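There are 2 protein chains.
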Amino acid sequence: MMRNIARMRKRFSGIEGVSFRPHLKTAKSIDIARRIFPDGPGAITVSTLLEAEHFAEAGFKDILYAVALSPDKLPRVQKIRSSGVDLCVIVDSAEAVHHMQDHFSQALTGVPFLIEIDCDGCRAGVPHRDGKSLLAIADCLTNAGAELRGVMTHAGGSYLATSSAEIERTANEERARTLACAAILREAGYAAPTVSIGSTPTALAPGSVEGITEIRAGVFVFFDLVMASLNVCSLDEIALSVLTSVIGRRDDKRWVITDAGWMALSRDQGIASHGDSYGYGLACDINCTPVNGAIISGANQEHGIMTVREGSAGEFRSIGIGERLRILPNHACATAAQHLQYYVVKTGSDEIVATWPRFNGW
Amino acid sequence: MMRNIARMRKRFSGIEGVSFRPHLKTAKSIDIARRIFPDGPGAITVSTLLEAEHFAEAGFKDILYAVALSPDKLPRVQKIRSSGVDLCVIVDSAEAVHHMQDHFSQALTGVPFLIEIDCDGCRAGVPHRDGKSLLAIADCLTNAGAELRGVMTHAGGSYLATSSAEIERTANEERARTLACAAILREAGYAAPTVSIGSTPTALAPGSVEGITEIRAGVFVFFDLVMASLNVCSLDEIALSVLTSVIGRRDDKRWVITDAGWMALSRDQGIASHGDSYGYGLACDINCTPVNGAIISGANQEHGIMTVREGSAGEFRSIGIGERLRILPNHACATAAQHLQYYVVKTGSDEIVATWPRFNGW
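Line by line, the protein sequences give chains S and U. The first sequence begins at 1 in the UniProt record's numbering and counts up one residue at a time. The second sequence begins at 1 in the UniProt record's numbering and counts up one residue at a time.
Next up, chain S with everything else stripped away, as it sits in the complex (with noise of 0.2 Å):
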């Protein structure tokens, strides 16, 4: 974890004017919030309001809220920021600022918001090429006396790339068309200070980002398979795992039976749509060396069903009752959703050197 926030620190130090602003959605962690910004708090995202509020109260005071406000989330939004903390908020509709404004008069007031820019259909967000939208916006938020601080966008569509090639050129879209949407702003008069894009592969890319002022990345902490499906990273890479105990074997069936099942693995299959598919997870010996063969083909409540193809019998045999495994996730966001605390070891290590909690809800 530690090379990996290593990593992509070093990949925008020294670029004059362009910020790191992490993802803090993945770990949901203060201890690793710590250790991303080791010198003290720094600017971070994050994806609900809970934790813009843990995060607060750990010294955190400059966080961008990545999620489009729900009108209803205004007064709590309030709150946090009169709490001393600049909480920034995204928006991609004029019909919410009316709404905000109808339901919450004078709410909005000194809100700074950026406007979130659809770069690539994926998701949310005004789509790049509508001006009119984005301009109508930008008079709705000025109008309501809310302060707007640029634009926002989100480069999800990486996550479907399949090769180096295509994310490469995903994320000179992301920066171009984010870009051009600042510049719409900037000619009709609005100051837009922040053009902030991001998404790990995205982040990682190649290429200049020039005028961008900010990068956001979040699951680079842990990477995971759908990270290295994208040669994003290599599997040695991924920092986290999940501890399971070999509970029973089918010899018909060539069936190893975990106590990891989709509680502790999550269902997310990840790399599936990548015809590359481990099933739930990539299962490793306690070591994190992959399992030659093996597929974890089935994951009920706290059952994993591990398949080891023919031909590798040996492979097959070899692992008895009571065998720790790690399983790599597909999607490190969501297996470390499943759990209440992270038990961290050093690389090489199987001694638990520390517990950090995580914090789930809203």
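FYI, nobody ran anything at the bench for these hints, they're computed from the structure. A few of these clues could be false.
Said to hold, decoys possible - 25 Å max Cα-Cα, derived BS3-like pairs, lysine-lysine:
(1) K61/S / K10/S
(2) K253/U / K132/S
(3) K132/U / K253/S
(4) K61/U / K79/U
(5) K10/U / K79/U
To be verified - On the chain U side, residues computed to face chain S include the following (Cβ under 8 Å):
(6) H99
(7) I247
(8) D268
What the hints assert, rightly or not - A short list of chain U residues far from chain S (calculated; beta carbon distances all over 12 Å):
(9) Q78
(10) N172
(11) G348
In this text the structure is predicted, and so the values were computed from the model without any measurement. C-beta atoms are modelled at their ideal positions from N, C-alpha and C, and glycine is treated no differently.
With the hints as your guide, set chain U onto chain S.
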């Protein structure tokens, strides 16, 4: 929920010799356990030792831990038992018993075991036709000083049924095959007083349960879309929903974006294999009336994407930003596991009358 509990109780009331041992892995809540047992703690089933510990603390002293015991958990089982709890565990191989004896000598003395039977080839257990292995386990347990209390099975295959007739057939096989295994043990001189079976679909299926001593079921407390697709319940019997707000709309894609992503809904797409999928859950209005033509086609961590099909233009237009929706879960166990508490409402009302904590983890 109260109606669902009453329905399950009624199924077995008045049947001589059969007791109901609800599986609390779905609810993981002391408050809900107390509603299942209004007259005081009774016999329960759990899926983790953490559940056993929590429920024991709440007064439940007759507990079956229904996942084959990982040998390293034996000391924890002993600790729970020494606090005055009749904690019964399960095993499905002689190898596991030997492993426990080798690593924890004496620890098996007096521990009650059920031997797990595989009645449908879907997960763990001794194959129901493998009398030889069954007797070998019984022999091992007895030699180790453990108490052989009987046999148990879980007809998980019932979830894959495509008709009520198939569920009924599965239920009959579950009963007959488990009774046959009990008979093998008894003929060999083992007492095997307990014959425990269960799954929500087979528990509610008609037919004789003569010879069975206890039935287990868990998801019945809430039901879900998987159970509805099996005609085990109707949609309006589903007692769990995720409340969400609309945060965005995309007219060009007929998308309604909500603040309930997979973190709130889980990644479980339960009924996809039944060809009758709602995506990540069934979108309803605040009163639990399904939105015509809607499918939750995508789920990111904190974003849900609901697509409203062509031909439902009225429905699409009527859903504005800020509107609240309720999402019925594909799989109640998985969706509930994403949350830290239940907000309790009375049928037809929107007012929260209580908050019931639940516990996750192991």
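Compare the structure with the hints numbered earlier in the document and write down the numbers of the violated ones, lowest to highest.
-> As far as the earlier hints go, only 5 is violated by this structure.
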